[in-house]
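A.B. asks: The lines below spell out each chain.
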Amino acid sequence: GDSVVQTEGQVLPSEGDSLIVNCSYETTQYPSLFWYVQYPGEGPQLHLKAMKANDKGRNKGFEAMYRKETTSFHLEKDSVQESDSAVYFCALKIGDYKLSFGAGTTVTVRA
Amino acid sequence: KAGVTQTPRYLIKTRGQQVTLSCSPISGHRSVSWYQQTPGQGLQFLFEYFSETQRNKGNFPGRFSGRQFSNSRSEMNVSTLELGDSALYLCASSLGLLRSQETQYFGPGTRLLVL
Chain C
114 GDSVVQTEGQ VLPSEGDSLI VNCSYETTQY PSLFWYVQYP GEGPQLHLKA MKANDKGRNK
174 GFEAMYRKET TSFHLEKDSV QESDSAVYFC ALKIGDYKLS FGAGTTVTVR A
Chain G
52 KAGVTQTPRY LIKTRGQQVT LSCSPISGHR SVSWYQQTPG QGLQFLFEYF SETQRNKGNF
112 PGRFSGRQFS NSRSEMNVST LELGDSALYL CASSLGLLRS QETQYFGPGT RLLVL
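If you're matching them up, the sequences are chains C and G in order.
If you're matching positions, the first sequence starts at 114 in this note's numbering and goes up one per residue.
If you're matching positions, the second sequence starts at 52 in this note's numbering and goes up one per residue.
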């Protein structure tokens, strides 16, 4: 079935460091890809999205490129801030079916 | 425009009871999906409704049910609660079924604790 695998557990960059959170997907179809971000006590918020191959999603300095050849949608940022600390979820959607989420990656930015 | 709202925000029940959770989608959104979030299983899809019809269902027992009303508001019900039903229940709405309408926007969730 359709699945998403992302960087496991927690990453601990320092403020000003670059960040990459890996996301790989598996499907035989043509998904839309999403990154959601979740802060404590809130529901996931849409962070960025890409609807087709070679699209790049962008938001608040973050980018993710939809790469069909490597079935990846890695989340990147050049210089993280403390306010970027959150749980990040990669997700895919096939047609009008459900969102399938990765397990989530906790990003904790150290001052 | 107001976001997705869910009520109640917190709920404590005991085993064997039943519970009903409510979701009001973003104005104009016609599709509503429900997810269960737990530390162990992550975000798992429960079901999706569009125009008062259940279109998709996840792998949950029949104790979990839902419905959607003509104004797109949705409710989900869990009967005969078990300890393992303790979770954050999230509702998400989207404009519709077309690819251009598919982006889902989540509410803050209802935190259910079963004792």
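To be clear, the hints were calculated from the coordinates, so they are not data collected in a lab.
Beta carbons: idealized from backbone N, C-alpha and C, even for Gly.
Misleading hints may appear alongside valid ones.
[Said to hold, decoys possible] Which chain C residues stay away from chain G? Per the calculated CB distances, all over 12 Å, these: (1) 126; (2) 127; (3) 131; (4) 141; (5) 176; (6) 206.
[Said to hold, decoys possible] Derived DSS-like pairs: lysine-lysine, alpha-carbon spacing no greater than 30 Å straight-line: (7) C:181 to G:108; (8) C:162 to G:52; (9) C:162 to G:108; (10) G:108 to C:165; (11) C:173 to G:52; (12) G:52 to C:165.
A.B. asks: Hint by hint, note whether the structure agrees.
C.D. replies: A quick look at each hint next to the structure:
1. The beta carbon of residue 126 (chain C) is kept farther than 12 Å from every beta carbon of chain G, the shortest such distance being approximately 23 Å.
2. Taking the minimum C-beta to C-beta distance to chain G, about 26 Å, the non-interface status of residue 127 (chain C) holds against the 12 Å cut.
3. Every CB of chain G is more than 12 Å from the CB of residue 131 (chain C) (nearest about 26 Å), matching its label as outside the interface.
4. Remark: the non-interface label on residue 141 (chain C) is consistent with the geometry, its nearest Cβ contact in chain G lying 17 Å away (cut-off 12 Å).
5. Annotated as non-interface, residue 176 (chain C) keeps its C-beta farther than 12 Å from every C-beta of chain G; the closest such distance is 18 Å.
6. Distance check for residue 206 (chain C) against chain G: the nearest CB is about 6 Å away, which does not clear 12 Å, and the non-interface claim fails.
7. Of the pairs offered as hints, the one joining residue 181 (chain C) and residue 108 (chain G) holds, with about 28 Å between alpha carbons and a cut-off of 30 Å not exceeded.
8. Only pairs whose Cα atoms come within 30 Å are accepted, and residue 162 (chain C) paired with residue 52 (chain G) is accepted, the gap being roughly 21 Å.
9. Simply put, residue 162 (chain C) and residue 108 (chain G) have alpha-carbon atoms about 24 Å apart, close enough for the 30 Å limit, and the pair holds.
10. With a C-alpha separation of about 26 Å, the suggested pair residue 108 (chain G) and residue 165 (chain C) falls inside the 30 Å cut-off, and the hint holds.
11. The hinted pair formed by residue 173 (chain C) and residue 52 (chain G) meets the criterion: a straight-line CA distance of about 21 Å does not exceed 30 Å.
12. About 28 Å separates the Cα atoms of residue 52 (chain G) and residue 165 (chain C), which keeps this hinted pair within 30 Å; it holds.
Going down the numbered hints, you'll see the structure goes against just number 6.
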